[in-house]
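Construct all of the structure, not just a fragment, from the sequences and the given hints.
As given, the protein sequences belong to chains A and B, one line each in that order.
Just add 45 to the spot in the first sequence (first one is 1) and you have our numbering.
Just add 18 to the spot in the second sequence (first one is 1) and you have our numbering.
Do not take every clue at face value.
As the list claims (entries may be wrong) - Here's a subset of chain A near chain B, in silico, CB distances under 10 Å, partners left out:
id	residue
1	47
2	48
3	65
4	75
5	77
6	82
7	116
8	119
9	121
10	151
11	152
12	156
13	162
Said to hold, decoys possible - Here are the simulated SDA-like pairs of lysine to any residue, each with C-alpha atoms no more than 25 Å apart in a straight line:
id	chain 1	residue 1	chain 2	residue 2
14	B	53	A	75
15	A	51	B	42
16	B	83	A	123
17	A	174	B	258
18	B	239	A	164
19	B	130	A	123
20	B	259	A	155
21	B	259	A	48
22	A	51	B	41
23	A	51	B	331
24	A	51	B	254
25	B	259	A	157
26	A	174	B	255
27	A	51	B	257
28	A	174	B	43
29	B	259	A	147
30	B	239	A	158
31	B	259	A	53
32	B	239	A	161
33	A	51	B	255
34	A	174	B	216
35	B	259	A	84
36	A	174	B	218
37	B	259	A	160
38	A	51	B	258
39	B	259	A	158
40	A	51	B	329
None of these hints come from the bench; they were simulated from the model.
Every residue gets a Cβ at the ideal spot worked out from N, C-alpha and C, and that includes glycine.
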Amino acid sequence: MGPLDKDVVRPDGLTAVDGKLRLQIRSHWYRSLPLSSLAVLDIAIDGEPVSSEQLGIGYADRSYAFSELPAQTDAWWYITDPVTIEIPRDGEPGEEHRVQVGLGLSIPYIIVGPPDARTPLLASSVTDKTLICNQESGAKR
Amino acid sequence: MTYTAPNLPQLGLTLFSLTLEMREPDYSLEGMVKKAAELDLGPGIEMVGFQSLRGWPHLDEPTVKHVRSLIEDNGFIATAMSCNLDLARDRDRWMDEPEGIEYLEAQIATAKRLGFPIAKSAIISTESFVRRLAEVCERHQMKFGVELHSPDSVDSPGIMELREIFEKIDSPWLGWVPDFSSSMHSIPPSLLQAHRESGMPAELTEFASEVWNSDTTMPEKFAAFAQEAPKLGASPADMGKLHMILTMHGRMDPRRWAEIMDRTVHVHAKFYGLDEQGNEPSIDHGAIIDVLLEAGYNGSISSEWEGHAYTDAVSGWDMVRGQQDLMAGLINDRASAQKG
Numbered sequence: 046m047g048p049l050d051k052d053v054v055r056p057d058g059l060t061a062v063d064g065k066l067r068l069q070i071r072s073h074w075y076r077s078l079p080l081s082s083l084a085v086l087d088i089a090i091d092g093e094p095v096s097s098e099q100l101g102i103g104y105a106d107r108s109y110a111f112s113e114l115p116a117q118t119d120a121w122w123y124i125t126d127p128v129t130i131e132i133p134r135d136g137e138p139g140e141e142h143r144v145q146v147g148l149g150l151s152i153p154y155i156i157v158g159p160p161d162a163r164t165p166l167l168a169s170s171v172t173d174k175t176l177i178c179n180q181e182s183g184a185k186r
Numbered sequence: 019m020t021y022t023a024p025n026l027p028q029l030g031l032t033l034f035s036l037t038l039e040m041r042e043p044d045y046s047l048e049g050m051v052k053k054a055a056e057l058d059l060g061p062g063i064e065m066v067g068f069q070s071l072r073g074w075p076h077l078d079e080p081t082v083k084h085v086r087s088l089i090e091d092n093g094f095i096a097t098a099m100s101c102n103l104d105l106a107r108d109r110d111r112w113m114d115e116p117e118g119i120e121y122l123e124a125q126i127a128t129a130k131r132l133g134f135p136i137a138k139s140a141i142i143s144t145e146s147f148v149r150r151l152a153e154v155c156e157r158h159q160m161k162f163g164v165e166l167h168s169p170d171s172v173d174s175p176g177i178m179e180l181r182e183i184f185e186k187i188d189s190p191w192l193g194w195v196p197d198f199s200s201s202m203h204s205i206p207p208s209l210l211q212a213h214r215e216s217g218m219p220a221e222l223t224e225f226a227s228e229v230w231n232s233d234t235t236m237p238e239k240f241a242a243f244a245q246e247a248p249k250l251g252a253s254p255a256d257m258g259k260l261h262m263i264l265t266m267h268g269r270m271d272p273r274r275w276a277e278i279m280d281r282t283v284h285v286h287a288k289f290y291g292l293d294e295q296g297n298e299p300s301i302d303h304g305a306i307i308d309v310l311l312e313a314g315y316n317g318s319i320s321s322e323w324e325g326h327a328y329t330d331a332v333s334g335w336d337m338v339r340g341q342q343d344l345m346a347g348l349i350n351d352r353a354s355a356q357k358g
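Rendered as structure tokens:
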């Protein structure tokens with residue numbers, strides 16, 4: 046419910062690349078976290094959920110499957126950088142799509158819960174926006 | 019800069035106060051430090067390594083030189099570097115004590131290279147960890163502070179254990195960083211407003227406020243809340259949001275800071291808003307400043323605006339400026355009264 050939730054998906058964050066959707070997301074946490082902290086990525090396009098396993102996650106010229114993220118403990122997601130999500134759903138520039146994102150960051154230094162069930166804090170952020178799909182060049186930064 | 023006399027607490031800011039400003043399209047660390055100097059938000063400057071410095075803590079020499087000159091050329095004095103112990107960076111296999119020490123030592127060493135005399139972070143509160151940390155700090159000639167932050171108070175069980183370990187080891191390199199968030203007399207109006215705007219049912223916010231205001235310990239408050247809030251219709255998501263009221267705001271009597279002032283290395287002036295008269299509506303700054311002055315504290319105080327967790331309706335720059343005016347006024351008034 047904090048102001049950074051609004052920054053997770055920016056108005057120009059959706060792009061069509063070779064007929065498929067690409068979404069830029071930003072962290073709602075105040076500091077850089079390792080990509081291993083990206084614990085929940087629930088995406089739905091036009092109300093249809095997309096399995097996390099179908100997503101391609103791009104950061105700093107590398108691409109990961111969602112299942113590869115827990116091992117990325119040395120890849121740091123810097124606060125001003127977007128992570129790029131390749132979504133296997135059709136899309137063309139100018140189209141309007143409803144984009145829902147449930148982002149859950151496992152905060153590695155805030156450990157919560159009772160002594161026998163300690164767990165990293167899961168900081169969640171929910172986005173539900175309707176965006177116009179950009180041309181590929183529009184999303185480059 | 020907002021100077022106080024040399025024998026008094028020294029004011030400054032942590033760049034964490036400007037968390038939202040860091041997301042603006044034209045943000046750069048250089049521009050931010052320069053603007054902080056123009057607004058006289060020093061002389062002290064603190065930053066969060068993992069927030070302000072890309073690649074932290076593995077910085078090459080040109081970057082270190084650049085950041086040092088950025089601080090010095092703008093008239094700032096480096097006070098504390100905020101570090102993190104990311105114990106669960108690997109979610110399946112958490113760091114053990116030697117790994118935790120190694121992780122912190124890399125940050126302590128870089129903080130030293132950048133000219134900061136103090137590093138701070140949460141730690142593992144065992145005697146073996148604290149002993150190793152004291153050795154690291156001595157080797158690097160760096161002080162290290164453990165933040166005493168809401169929902170903890172000076173007598174929370176975990177804090178009491180660490181106080182005993184600190185006494186036993188008695189290292190001049192280790193100490194506390196009290197945070198104003200432990201000593202609040204009411205819930206920030208900005209948080210209650212954020213709940214209202216997010217559609218939180220008023221009865222849930224009122225119940226959470228009632229629990230917070232009850233004269234009970236924090237664990238008792240958490241238990242009462244967990245038991246009763248679902249009966250009022252709180253969903254798991256509501257529970258998570260309302261938990262912020264309990265976790266981020268402590269209700270300890272500020273006079274109790276006196277118990278740890280002899281080992282205090284730095285202070286976090288956390289705050290959540292300013293009213294029309296320039297006072298903080300939920301934290302009694304005068305009472306806390308009294309405790310610091312009575313203890314003879316002349317170290318650094320970082321203004322730490324955290325209202326950005328709830329609202330973007332005000333500027334972090336204005337908030338820090340306002341709180342420093344408030345604190346400078348309180349410190350100087352009390353110092354003059356003592357002389358008189």
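Do the hints match the structure? See the list:
1. 47: holds, 5 Å
2. 48: Constraint on residue 48 (chain A) satisfied, holds at 4 Å.
3. 65: Violated, about 27 Å.
4. 75: The hint holds - residue 75 (chain A) has a Cβ within 10 Å of chain B, the shortest such distance being about 5 Å.
5. 77: Hint on residue 77 (chain A): holds, closest Cβ of chain B at ~5 Å, below 10 Å.
6. 82: Since the shortest Cβ distance to chain B is 8 Å, the answer is holds.
7. 116: holds, 8 Å
8. 119: Holds: closest Cβ of chain B sits about 9 Å from residue 119 (chain A), inside 10 Å.
9. 121: holds, 7 Å
10. 151: This interface hint holds because 6 Å falls under the 10 Å limit.
11. 152: holds, 8 Å
12. 156: It holds, given that the least Cβ distance between residue 156 (chain A) and chain B is near 6 Å, below 10 Å.
13. 162: At about 13 Å, which exceeds the 10 Å cut-off, the nearest Cβ of chain B leaves the hint on residue 162 (chain A) violated.
14. B:53 x A:75: holds, 20 Å
15. A:51 x B:42: holds, 13 Å
16. B:83 x A:123: Roughly 21 Å separates the two Cα atoms, so the pair holds.
17. A:174 x B:258: holds, 23 Å
18. B:239 x A:164: holds, 20 Å
19. B:130 x A:123: holds, 22 Å
20. B:259 x A:155: holds, 16 Å
21. B:259 x A:48: holds, 14 Å
22. A:51 x B:41: holds, 11 Å
23. A:51 x B:331: Holds, at about 13 Å.
24. A:51 x B:254: holds, 21 Å
25. B:259 x A:157: Roughly 15 Å separates the two Cα atoms, so the pair holds.
26. A:174 x B:255: Given pair residue 174 (chain A), residue 255 (chain B) holds - Cα atoms ~20 Å apart, limit 25 Å.
27. A:51 x B:257: Holds, at roughly 21 Å.
28. A:174 x B:43: holds, 21 Å
29. B:259 x A:147: Distance of about 15 Å is within 25 Å: holds.
30. B:239 x A:158: OK: residue 239 (chain B) and residue 158 (chain A) at ~14 Å, within 25 Å.
31. B:259 x A:53: The hint holds at about 18 Å.
32. B:239 x A:161: holds, 20 Å
33. A:51 x B:255: holds, 18 Å
34. A:174 x B:216: holds, 16 Å
35. B:259 x A:84: Since the Cα atoms of residue 259 (chain B) and residue 84 (chain A) sit roughly 19 Å apart, the hinted pair holds (cutoff 25 Å).
36. A:174 x B:218: holds, 20 Å
37. B:259 x A:160: Holds - the C-alpha atoms of residue 160 (chain A) and residue 259 (chain B) are around 22 Å apart, at most 25 Å.
38. A:51 x B:258: The given pair, whose Cα atoms are some 18 Å apart, holds under the 25 Å limit.
39. B:259 x A:158: holds, 16 Å
40. A:51 x B:329: Within the cut-off at roughly 11 Å; holds.
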